[in-house]
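**Q** Turn these sequences into a full structure, and let the hints steer you where they fit.
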Amino acid sequence: MTFSNFIEQFWPSTINGLVLGSIYALIALGYTLVYGVLRLINFANSEVFMLSAFGSFWALQILGVPYRLGNGDDPYKTGLALVGTLGFMMLVSMVVGGTVAMGLERIAYRPLRKRHAPRLVFLISAIGASFAMSEAVGEFGPRGRQEYGIQRVLQKRKVFSIFSADVRNDYIIVVVGALLMMTVLVLFVNRTRIGRGIRAVAQDMETARLMGVNVDRVILITFLVGGLMAGGAAFLYEIYNGTARNTLGFELGVKAFTAAVLGGIGNIKGALLGGIVLGIIENWGTAIFQSNQKMGSVVAFSVLVLVLMFRPTGLLGEALGRSKA
Amino acid sequence: MLLEVDNLHVFYGRIEAIKGISFTVDEGEIVTLIGANGAGKTTTLKTVSGVRPAAQGRIRFEGKDITKMPAHKRTEMGIVQSPEGRGIFPGMTVLENLDMGCYVRRRGVVSTRTQDLERVFSLFPRLAERKSQAGGSLSGGEQQMLAIGRALMSQPRIMLLDEPSMGLAPMLIQQIFEIVTEINQQGTTVLLVEQNAAQALKRADRAYVLETGRVVKTDVAANLLDDPAVRAAYLGGH
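Chains as they are written, first to last, in our numbering: chain A, 1 to 325; chain B, 1 to 238.
If you're looking for bench data, these hints aren't it; they were derived computationally from the structure. If you're wondering where the values come from, they're calculated on a predicted model, not measured in any experiment. Note that CB positions come from ideal geometry on N, CA and C, so glycine has one too. Check each hint, because a few of them may be wrong.
[Stated by the list, open to error] Computed spacing ranges between beta-carbons, pair by pair:
| no. | chain 1 | residue 1 | chain 2 | residue 2 | range |
| --- | --- | --- | --- | --- | --- |
| 1 | B | Q56 | A | R217 | 26 to 32 Å |
| 2 | A | P142 | B | G13 | 48 to 54 Å |
| 3 | A | G149 | B | K73 | 47 to 53 Å |
| 4 | A | E147 | B | I15 | 56 to 62 Å |
[To be verified] List time: in silico EDC-like cross-link candidates among lysine to aspartate or glutamate, alpha-carbon distance up to 16 Å:
| no. | chain 1 | residue 1 | chain 2 | residue 2 |
| --- | --- | --- | --- | --- |
| 5 | B | K73 | A | D216 |
| 6 | B | K202 | B | D226 |
| 7 | A | K156 | A | D166 |
| 8 | B | K19 | B | E211 |
| 9 | B | K131 | B | D116 |
| 10 | B | K73 | A | E206 |
[Claimed, not checked] Per the computed footprint, the stretches of chain B lying under chain A, defined by three or more beta-carbons under 8 Å from a beta-carbon of chain A, are:
| no. | region |
| --- | --- |
| 11 | 63 to 76 |
| 12 | 81 to 87 |
| 13 | 96 to 103 |
**A** Here's what the structure looks like:
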């Protein structure tokens, strides 16, 4: 443990943390939205993310993008070709995310709701669905449990630097993309009729029903929105990281869920704050312990425990029900 | 008949809360269901609005069988309930709460939101003053006004009011009941559930007395007000 390393790595690790934190925040939104309306931790949200990451991969297969770009005959994409390819990746990723999330609600949760199953049963169903998807990809995927490298469409390069830290073009895409998606989500929840329906169900499901809200439809849309966020997150992650495997959902899902709890589960702004704070602290932790990433996680989760000791409802508290956003 | 309830049975788990209730509400009436705590008044209202399933019996609205219809479809037909405990969305502003009242209105249909808001604000000037305040920060009386105003926003054919006087000071109770009468005179049919039987009987056209899930007596409200048995049981014996 050396602080000289930390000081040296302060800016690079902060920027890395911001990038990874933006991705955590997007996934965390899926947990928080569903928790807000159903008081259910949708553990399978992590697998929505994992399958969406494969969706990004699949999009490039559909387009026939060769495996190794950047050498010889296959240059990196630029200009319109780049924008088109990335746009298609994002589209497929989000469609996969939204579809899987809605399928989950219809198959794993709605039948239980119809039978008034106890709360614990939902949790078991969530964990079961999560394992089923992760293991199915591991067993039946073309490369099984191995890591898949995803074609690097975008040539990564330094755009500018803050202090001594390089800011790469993929970092900018991730942070700006995540901010855009979050803005659209907040506007959707606060300004649209369906968004008002979501908030009504979160605050008082029975009264929402009395006001004419089709609660089943609102729940389905909530899953859809969470899935779209996870899909967008998966696309951004693949631009930044470029690998996927069947356990990817678990690895990032645990962090994103932690981010949601850290910020205050049920609270949209909390998910954003929690994601960014967790990403940055994790990377600082890694820097303090000389680039040992496992220690980064130790630091991040220790901070979570500490925060919850003093603020059991997270940094901002639960609020999809209580406040405006 | 606007609303007909015929031999309704409702269960909570294995307990039969409603054991064969029948009643009717005609267009333009105020009908009240009175009775002690646990008589089944709230359950009856919830079953009419569709948030509780009926085990047996029929509910007809404008002649149409709605017994199995989901709650949100009933709201679209014009059945709106102001729930017990008021059901204000605490994190929404007063205006947003009122807008939840016209949630059922679809795009393409000419919106009367502005007129409806004006009507609610003229009935409850207090709500206009607190327009952008969070619903959860209102006083009990204001929340009750908001609950009634919100129900009005959907231009209901029938308004189901569950215990509007609960927890309010006598002066406020008087005011709330005056407004209920006024709303009724403006053309909205009202089905009122109340523990405050004296006020309810004064305002209503007809009344049904409920006891442990059954209707034990029904008459014109004014007659029940003079009925010795009703006076002894529900009006404090005076």
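**Q** For every hint, state whether the structure bears it out.
**A** Okay, the hints, checked on the actual structure:
{"no.": "1", "hint": "B:Q56 - A:R217: 26 to 32 Å", "verdict": "holds (29 Å)"}
{"no.": "2", "hint": "A:P142 - B:G13: 48 to 54 Å", "verdict": "holds (51 Å)"}
{"no.": "3", "hint": "A:G149 - B:K73: 47 to 53 Å", "verdict": "holds (52 Å)"}
{"no.": "4", "hint": "A:E147 - B:I15: 56 to 62 Å", "verdict": "holds (57 Å)"}
{"no.": "5", "hint": "B:K73 - A:D216", "verdict": "holds (13 Å)"}
{"no.": "6", "hint": "B:K202 - B:D226", "verdict": "holds (11 Å)"}
{"no.": "7", "hint": "A:K156 - A:D166", "verdict": "holds (11 Å)"}
{"no.": "8", "hint": "B:K19 - B:E211", "verdict": "holds (10 Å)"}
{"no.": "9", "hint": "B:K131 - B:D116", "verdict": "holds (14 Å)"}
{"no.": "10", "hint": "B:K73 - A:E206", "verdict": "holds (14 Å)"}
{"no.": "11", "hint": "63 to 76", "verdict": "holds (count 5)"}
{"no.": "12", "hint": "81 to 87", "verdict": "holds (count 3)"}
{"no.": "13", "hint": "96 to 103", "verdict": "holds (count 5)"}
Checked against the numbered hints given earlier, the structure satisfies every one of them.
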